[in-house]
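Turn these sequences into a full structure, and let the hints steer you where they fit.
Residue numbers (this note's numbering), protein chains in the order written: chain A, 56 to 246; chain B, 28 to 590; chain C, 251 to 640; chain D, 10 to 338.
Hints are computed from structural coordinates only; laboratory data are not their basis.
Just so you know, not all the hints are guaranteed correct.
[Unchecked claim] Which residues of chain D face chain B? A partial, calculated answer using Cβ under 8 Å:
{"hint": "1", "residue": "Cys14"}
{"hint": "2", "residue": "Arg35"}
{"hint": "3", "residue": "Ala215"}
{"hint": "4", "residue": "Gly233"}
{"hint": "5", "residue": "His234"}
{"hint": "6", "residue": "Ala237"}
{"hint": "7", "residue": "Glu241"}
{"hint": "8", "residue": "Arg332"}
[Stated by the list, open to error] Dumping the calculated PhoX-like pairs for lysine-lysine here, alpha-carbon to alpha-carbon at most 25 Å:
{"hint": "9", "chain 1": "C", "residue 1": "Lys290", "chain 2": "A", "residue 2": "Lys214"}
{"hint": "10", "chain 1": "A", "residue 1": "Lys238", "chain 2": "A", "residue 2": "Lys143"}
{"hint": "11", "chain 1": "D", "residue 1": "Lys171", "chain 2": "D", "residue 2": "Lys293"}
{"hint": "12", "chain 1": "D", "residue 1": "Lys293", "chain 2": "C", "residue 2": "Lys290"}
{"hint": "13", "chain 1": "A", "residue 1": "Lys238", "chain 2": "A", "residue 2": "Lys214"}
{"hint": "14", "chain 1": "B", "residue 1": "Lys317", "chain 2": "B", "residue 2": "Lys304"}
[Said to hold, decoys possible] Example chain C residues on the side facing chain D (calculated, C-beta under 10 Å, incomplete):
{"hint": "15", "residue": "Ser312"}
{"hint": "16", "residue": "Ala317"}
{"hint": "17", "residue": "Ile343"}
{"hint": "18", "residue": "Asp629"}
Cβ coordinates follow ideal geometry from the N, Cα and C atoms, glycine included.
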Amino acid sequence: MLEIRIHGRGGQGNVVAAYLLATAAIGEGRHAQAFPAFGAERRGAPVAAFVRIAAHPIHRRDQVRSPDFLIIQDQTLVHVPGVTTGLKPGGGILVNSERPAAELGLDPGFVTLTLPATRLAQEYLGRPVPNTALLAAFLSLTGALPLEALIEALAQRFKGDILERNRKLVEAAAHEVPAGAWKEDEDARSA
Amino acid sequence: MSTQITRGAYALPGTALAFKTGTWRTQRPRHLHSPAPCHGACPAGEDAQAYLALVEEEDFHAAWQTIVQANPIPSVTGRVCHHPCEAACNRGRYDSPIAIHHVERFLGDQALREGWDYPLSPPPAEAPRIGVVGAGPAGLACAYHLIRLGLNVDLFEALPLAGGLLRTAIPEYRLPKDTLDREIERLLATGIRFRPNHRLGRDLSLDELRQDYPALFLGLGTQRSRPWSIDGATPSDLREGLDLLQEYLEMGRIPEWRSVAVIGAGNTAIDLARVLKRAGVEEVHVISHKAIPAPDVPPEDRMPAIEREIRQALEEGVRIHEHRGVQRLLLRGERVIGVEMVHMKKLPDPSGRLRRIAFEGTETLLHVEQVIPAIGQIMDPEGIEPLLNRWGFLGGDRWGAIPDQAGLFTGGDARGDHGMVSEAVGDGRLAAEAIQALLSRRSLEPPEERTPLAFEHLNLHYFEPGQRPEPALLPVEERTGFQEVEGVLARSQVHAEGVRCFSCGECMACDNCWTLCPDSAVLKARERCQDGSHYVFDYDYCKGCGLCAEECPCGYIEMVAEG
Amino acid sequence: MPAALEGSQAIARAVALCRPQVVAAYPITPQTHIVENISKLVADGRFDCELVSVESEFSAASVVLGAAAAGARAYTASSSQGILLMTEVLYDISGMRIPLVLTCANRAVSAPLNIWNDQQDAMAVRDSGWIMLFCADNQEAVDTTVQAFRIAERTELPVMVCVDGFTLTHTLEPIDLPSQEDVDAFLPPFEFERRLDPARPISQGTLVSPEWFPEVRHANYQALLAAEAEIEAAARDWAGLVGRETGALVEADGPGEARTGVLCMGSIHGTLEAARAAAPDLEPVRLIRLRCFRPLPLAAIEAACAGLDRLIVLERAIAPGLGGVLTTELRAFFADRADAPRIYGFAVGLGGRDVPLETLGRALASSAADNPRHFAVLDLEPEKLPEEDR
Amino acid sequence: MDHQCPDPDRLRLRQPRFQGLTSGHRACAGCGAAITARLVLEATGPDVLVANATGCLEVFSTPWPESAWRVPWIHSLFENAGSVAAGMEAALKAQGRDTKVIAFGGDGGTFDIGFRALSGMLERYHNVLYVCYDNEAYMNTGVQRSSSTPHAARTTTSPPGKARMGKRHLKKDILSIVAAHHIPYAATASVAYPPDLRKKVRRALAIEGPTFLHVHSPCPLGWGHDGALSIEIARLAVETGMFPLIELERGGVTGVMPIRNPRPVAEYLRRQARFRHLFQDDAKAREELEHLQAIADHNIEFYGLTGHGPDALDTEGADTAHRGGMRWA
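Okay, structure coming up:
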């Protein structure tokens, strides 16, 4: 079972990101589950969402406490208390940032990568919503799901031109990161 | 099987009918017909309310038929009646009384125009034959009602034509001859055997008549003027008012006077005064002991003449001296040159009896070329001496039966206590009923006196205010000849009066009781029910709240305690 | 191929498949997404119904009452304070035997204000005369929604479908949505014999005097008991139609040698399953899930508890001054049974507190003592309490 | 031509007007609410569904197993008649039935506890005629004050005493509030003017959308007058200006029933025990009496109720009796 925790700010499409990922997995015939850390937060507040992906039906409904990966939609969140709590040793952190990972000052015990997701989104969609780019990069890194699965998931929400732009964004974002760089970790874990 | 609960405890429609709320009742509503004041007040016995109801429905024929159940000559009475019905009308206390008199005339004229016949069939030939003497209003009415009751009639009249004083004493400007003729013609055509030119005492003897007929009605009227003098003095060329009037109506001639004083306060005095005016007399005075009728004048102090006529006389320039008596005749030799009048009033003496008092120091002189008394008439005793009472009249009980004279009845002026045409008509009807009862050996019960519906029992919220109509009058300057003074109401005005009628004490089927009953315990029937209403109380459910009685516009419902 | 749907969205789609003619609702977290999704389906022309956006939950319940009384299939949804505001109407609906379906997105009840999941709201209306079904997951929520309409219309009783707020309503997971054909085959058009109709103008909601009231109440009591059969039939027929098992009255599974049972309602069951699977060293445990809370299926519960020495009841609510509602009801039921298990009652996950896998182990450990506390809040953190409140 | 008085049992259900509320209900003698209900249904005819709020009307008309209603009728609760009616209307719409929905509520169920449901129903523009039978207090529970109780009136919860002169507050102007929903038709009516009331019901029924009829319905028990006087009292309320008969469309006044000659409010008040304390020899009493007169005067001026001439404005014969009444159809 793969457990991912996505951090963002209210209004950044954090829950959507989680839903997209789970939707992509389910589209691939996998079992998946996505839900927000339910809260009464408003726009701008730090929020989190959880995704579980597995080959077998998922029954547990508790929050993800020790994720394999973190996806952080905003570099200003990396030092918010609790963001990295519970991340498995050697777990991967994908951060939306223009800066190189080393500059973010995160625990070297984790594998950190950055992606200029906002810029990419601005470039392809004309809107500064980083989640799709981050998901694409994440899938490219982990090979957890084929990119097509993400595009299929996107196709459930968007049509025509916007879908087309998203597809381009997905491909572009995927090329920004070393494909399969985190794959073996995942294999190791699921073994 | 006992009742079982339904799913969710629903109930079936209208099942509350199983619960009889009538048991809650301590008082119950009841339909109560009270006589309408107009009905009670009509001497001829007309039920004005009944025919006004038909007038509202614009069934004028039925309305007229209702009238002639009591009065065969509505076109006449619709002109000459003093209509006490209107004085009694409850509507008078709301805005103005229903113009019953004018409605009656409208219906009477309508009948003549349309040629409507009386709703009756001639009596069988073998039916008893009754003798009626005198074809004035009383005799005519009696004959008519005898026919209605299935009896044959021989009607004797001294004059060549029927009509009595309707013909001889009422000027045409009040009652056109043509109208009179046509109503009498219709009346005589009902199967009456009319015998004109038969004068009692000359052509007929009372004894013979008593032999020939099982019963007699003596509608003889009055022929002679009351003897009159002032301290024994009478003008040499004294003319009695009635004679003068009759003579004038017959010949159309009158001595050439410049000024005349008529003494009296009745219809004869007023008629005469107006006739004199028409005949060209410049100054016509009426000297009356009583007052000109006005709202604030008590009835007993009003001139007995018809108020309407008095008003018209004043319009026409007749001068009326109220509360005056003649104290002295001013004579030049034997010729009258005037009268000395004095203020007078009837006042109670120590014993409480009313006496006429002359007030000293109020004497005034009135210079006139002639003085004409018109102070009432008495009967010509010829041939009837044994029947006369001490006042020179025939008297008669409620039914007109002459005291101690089996089979003899009378009515109208001859009674001595009835002076109005409509009273005469009523007398004739009552006598006819009495005669029929006598022949069929039936004892007559006088109908119990029921008090007419009081104004307070009406619910006035349900009536729109509206003034009575007045017919057009002939302009005063045109009142020179005998053209009728009073016009007739328009059809629409007559209908409006039907609408204005309160229907006192009678159900007018307005639906109030039916509409307002909180318990739907007043049911509307398709037809008029036996009790005269259109509604049935549903005593199974009536809780006796009394709303229906309270809201009945006509005072037709009363609440009575449950036994 | 299952669809990836958020719970609320799946429930909204299931409702639409049932073709209710009138839907009335007032938004309240966490039920909101259900109403929003239904509104969108209506707006998109994919769901033809009279959608009445009322001014309060009180009116939501009143509108569906009126609609169903007039013969329309009717649906509403709410949560927490909304359910409590509806309470008066809920009693009225069942008392008048008016069939309709309500989804309760279970949530804690104020005060203190708390928008998160527990089942206090449902417990608060447990005697309102409704059939109350609790769903373990969103697939069951979908299937139960369809079954609920048939159960309601056959029993002429209202059905409350309880789904845990957020935990289910806001969770996206794979859902097999039934086909319209299957739903239509399973759920014939609503024919309400007592519907308000000028052709047969009956009076509903009469005044019933002491002379009749006990009989009316007894009839409702019996009707609710008798509903067990329809609930089971609905689950059976549905499974036969779509080949998918939902719970019926009570679900129980575990190794035959298990002498300990853990009984719960709603989505916590999945977590307990995972916990049991994740901890093979724990003593054998029989997991018992109560899907049908009203009517309380005593026979089925007894069967499910056969052979147990101890029964641990995990509740998502608390009854101040008493303890646990379900715990108390079960203790009362088993009181006169010779071979009755010892019953331990715990409240857990109140106000949305996360229920982790460790919950199972803690429950077993906390109920080992020979004289059990009557009732306890299992996941209480005493150090957070002032001294006098511990 | 006269006929035997027909047997009520045969006549009862063969009346020329539809009787939706039969005899056998348990209202007090002279009950105004019962008159209101029967008059309204006379105008609607049988093709309606009725929702009835808890209250006198509901209680006295449907003690199981009996019902006085001959139209489909439902009672749910005190405060939800508007919503239940809305649901019924939604159902009819969904089923393509064009039967009209009527809601009955007393002043408590309308002005007070049921106000939210009423407002929601109006705002959502349901095709419902809401009829408030206003007897100006909680009569069903034994005469407690409501927001419809007139100023200075005595109820069991606004008793007069040394320190108080009955109800301290004013009667809520429900019609203006309702009309402020910008609905097509809102009107007042009185049991004292049945033709006017029926006319207004028919007008309301002809309109597609929410309509409101506020009917002044005397309560002999609560107002303290003889049941026989219910109509007289209601009429006085109108004729004094205490209860103006008006019609509003989209919030604007489009019709008023004129008062030929306004009568002093004392005539209205004196006949009811609930105002008796205002006639004691006491300065406060006199002041309140004047206050009520001023309120009536204000109504008359505000709605222009006085006319000129014998029957100045058109009462549409609302208070005229007609010979022959209603003709058989």
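Hints, verified against the model:
Interface restraint check for cysteine 14 of chain D: the shortest CB-CB distance to chain B comes to about 4 Å, inside 8 Å, so the restraint holds. Of the supplied interface hints, the one on arginine 35 of chain D holds, with its beta-carbon coming within about 7 Å of a beta-carbon of chain B, less than 8 Å. At a threshold of 8 Å, the smallest CB-CB gap from alanine 215 of chain D to chain B is about 22 Å, leaving the interface hint violated. The closest approach between the C-beta of glycine 233 of chain D and any C-beta of chain B is roughly 15 Å, which is over the 8 Å cut-off, so the hint fails.
Because the beta carbon of histidine 234 of chain D sits about 11 Å from the nearest beta carbon in chain B, more than 8 Å, this interface hint is broken. The closest approach between the C-beta of alanine 237 of chain D and any C-beta of chain B is roughly 3 Å, which is under the 8 Å cut-off, so the hint is satisfied. A cut of 8 Å between beta carbons decides the hint on glutamate 241 of chain D: the least distance to chain B is about 6 Å, and the hint holds. This hint holds: arginine 332 of chain D has a C-beta 4 Å from the nearest C-beta of chain B, less than the 8 Å allowed.
For the suggested pair lysine 290 of chain C and lysine 214 of chain A, the alpha carbons sit about 17 Å apart, so the restraint of at most 25 Å is met. Of the pairs offered as hints, the one joining lysine 238 of chain A and lysine 143 of chain A holds, with about 15 Å between alpha carbons and a cut-off of 25 Å not exceeded. Simply put, lysine 171 of chain D and lysine 293 of chain D have alpha-carbon atoms about 10 Å apart, close enough for the 25 Å limit, and the pair holds. As the CA atoms of lysine 293 of chain D and lysine 290 of chain C are separated by approximately 62 Å, the hinted pair breaks the 25 Å bound.
Of the pairs offered as hints, the one joining lysine 238 of chain A and lysine 214 of chain A is violated, with about 31 Å between alpha carbons and a cut-off of 25 Å exceeded. For the hint linking lysine 317 of chain B to lysine 304 of chain B, the alpha-carbon distance of about 22 Å falls within 25 Å, and the restraint holds. A cut of 10 Å between beta carbons decides the hint on serine 312 of chain C: the least distance to chain D is about 3 Å, and the hint holds. At about 4 Å, the closest approach between the beta carbon of alanine 317 of chain C and any beta carbon in chain D falls short of 10 Å, and the interface hint on this residue holds.
Look at isoleucine 343 of chain C: its Cβ gets to within about 8 Å of chain D, closer than 10 Å, so that hint holds up. A least Cβ separation of about 39 Å between aspartate 629 of chain C and chain D goes past the 10 Å threshold, and the interface hint is therefore violated.
The structure is inconsistent with the numbered hints 3, 4, 5, 12, 13 and 18, although it conforms to all the rest.
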